[in-house]
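Letter by letter, the chains look like this.
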Amino acid sequence: MAIKTAYSSNKNEKEAVIELKQKIYDNNNKLIIFFASSSFNQKKLNSEMLKAFPRTTIIGCSTAGELVSSKMLVNSIVAMSISKDIVDDVKAVLVDNIKEQNNVKKAFLALEKYYNIKMGEMDPAKHVGIILTDGLSGAEEKLMETIGDLTNITFIGGAAGDDLKFKQTFVYLDGISYSNTAVLAVMHVPKGFDVIKTQSFDVLKKKLVVTKADEKNRQVLEFNNKPAVEEYARQLGIKSDKIADVFMHNPVGLMAEKEPYVRSPQKVLDTKICFYCNIKEGSDLFILASRDIVKDTKKAVETKLKAINGCEGMINFHCILRTLELNQKKQSKKYAKIFEKIPMIGFSTYGEEYVGHINQTSTILVFKRIG
Amino acid sequence: MVGQIKEMIEKIVEQKCAGNDIIKSSIKVKIILKGVMVDNYTTISEDNPEIIEKLKSIAKDMDISI
Numbered sequence: 001m002a003i004k005t006a007y008s009s010n011k012n013e014k015e016a017v018i019e020l021k022q023k024i025y026d027n028n029n030k031l032i033i034f035f036a037s038s039s040f041n042q043k044k045l046n047s048e049m050l051k052a053f054p055r056t057t058i059i060g061c062s063t064a065g066e067l068v069s070s071k072m073l074v075n076s077i078v079a080m081s082i083s084k085d086i087v088d089d090v091k092a093v094l095v096d097n098i099k100e101q102n103n104v105k106k107a108f109l110a111l112e113k114y115y116n117i118k119m120g121e122m123d124p125a126k127h128v129g130i131i132l133t134d135g136l137s138g139a140e141e142k143l144m145e146t147i148g149d150l151t152n153i154t155f156i157g158g159a160a161g162d163d164l165k166f167k168q169t170f171v172y173l174d175g176i177s178y179s180n181t182a183v184l185a186v187m188h189v190p191k192g193f194d195v196i197k198t199q200s201f202d203v204l205k206k207k208l209v210v211t212k213a214d215e216k217n218r219q220v221l222e223f224n225n226k227p228a229v230e231e232y233a234r235q236l237g238i239k240s241d242k243i244a245d246v247f248m249h250n251p252v253g254l255m256a257e258k259e260p261y262v263r264s265p266q267k268v269l270d271t272k273i274c275f276y277c278n279i280k281e282g283s284d285l286f287i288l289a290s291r292d293i294v295k296d297t298k299k300a301v302e303t304k305l306k307a308i309n310g311c312e313g314m315i316n317f318h319c320i321l322r323t324l325e326l327n328q329k330k331q332s333k334k335y336a337k338i339f340e341k342i343p344m345i346g347f348s349t350y351g352e353e354y355v356g357h358i359n360q361t362s363t364i365l366v367f368k369r370i371g
Numbered sequence: 372m373v374g375q376i377k378e379m380i381e382k383i384v385e386q387k388c389a390g391n392d393i394i395k396s397s398i399k400v401k402i403i404l405k406g407v408m409v410d411n412y413t414t415i416s417e418d419n420p421e422i423i424e425k426l427k428s429i430a431k432d433m434d435i436s437i
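Each protein sequence line maps, in turn, to chains A and B.
Residue numbers are given in my numbering: position 30 of the first sequence equals residue 30, and the series is strictly consecutive.
Position in the second sequence (from 1) plus 371 gives the number in my numbering.
Hints may contain errors.
Stated by the list, open to error - Covered stretches of chain A (in silico footprint by chain B; criterion: 3 or more residues with CB under 8 Å from a CB of chain B, positions within the stretch not fixed):
1) 115–128
2) 273–286
What the hints assert, rightly or not - Chain A residues, not near chain B, derived (Cβ > 10 Å throughout):
3) Lys99
4) Leu109
5) Asp149
6) Pro190
7) Phe247
8) Lys267
9) Lys295
10) Asn327
11) Lys337
Derived from the structure by calculation, the hints contain no laboratory data.
Just so it is clear, CB atoms sit at the ideal spot from N, CA and C, and this is done for glycine as well.
Required output: the full structure, derived from the provided sequences and hints.
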């Protein structure tokens, strides 16, 4: 099999990695991806992974929950091995000090040196990037914006989590864990890939123009020239002191090419609203209304697989807010069942990356069939 | 002069996608995420100096000459 997946809920790092290795080790491995609960000793876990897979590029990050084909897990590790038949080349680099600086260009130089192609000239049909970021950095937008400026290849990924502790998250590269860092891995995928971006919302005809924003701090001060809280509540026909109750089910969407790029409100601060992502002044946002995540995701996956005639495997960057909603509605098993016949790993993220930084979405990298 | 914003957007998209129509959509999304609502502008839209400056900055970031 060109892609193998495994999981372990063994609390002992060494034993857990042995379990994973037994299921996914292959001499033909080109890339190992793994996502692990923050409950593990990150240093020890990564060291064991390097010992187990010494001659393979290893990337990953800590999570707010793990996904593997037919399961949604917590306090576990999920891992995927990808063979040279799918990814025949890969180069992973670090972007350091992401809170304080923007070192994407420096990281891109290393990628260009390796591939001997300018990032701006890479074929977007055959190259794809994975991005994993420190989920508490607040740096995702500037990273994605710079990446988007410098290359046309797709970067897809997620912000690392820490099981909702909001203390420290980690990204992994070749046996070491890092904070305040992002991992960029550019893969050459000769048989091709595709992307599913799915968010389960109806777009309401309730427009909120961002007339005043503190972009750096992810806060909106005014919508439609009125205090943000007041206008959000007015549009929904509810009292201002109730809007936090509806944030999860009524976030906002930035419409682009007929699709919402979800912006999730986090909390109220006086008359301002704080978001889980950057909101640009001048943006037109529309209030959204949540739908059935399981139904929509099943449809999105089935439609894609029909269009591309199946796949070898998937990586699912799945928002923690979706995980919480699925748990709330007791739909986690149904959600996991969507992927039961597909080699898939993923994790509950603190934000998803696809073109930009987004919320309450699953962004899924799909590896096309090789034969 | 009217329509300048639409013209600038089209130039950015054309140059950035360099003939690859498949990525046109993602380039438009990138511009929208940067705060310019591309679908709001037509050939008869009034020029907005703030948006024009934003587009010049976007072009510079993307290493494009418009």
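Indices of hints not satisfied (ascending): Number 5 - this is the single hint that the structure violates.
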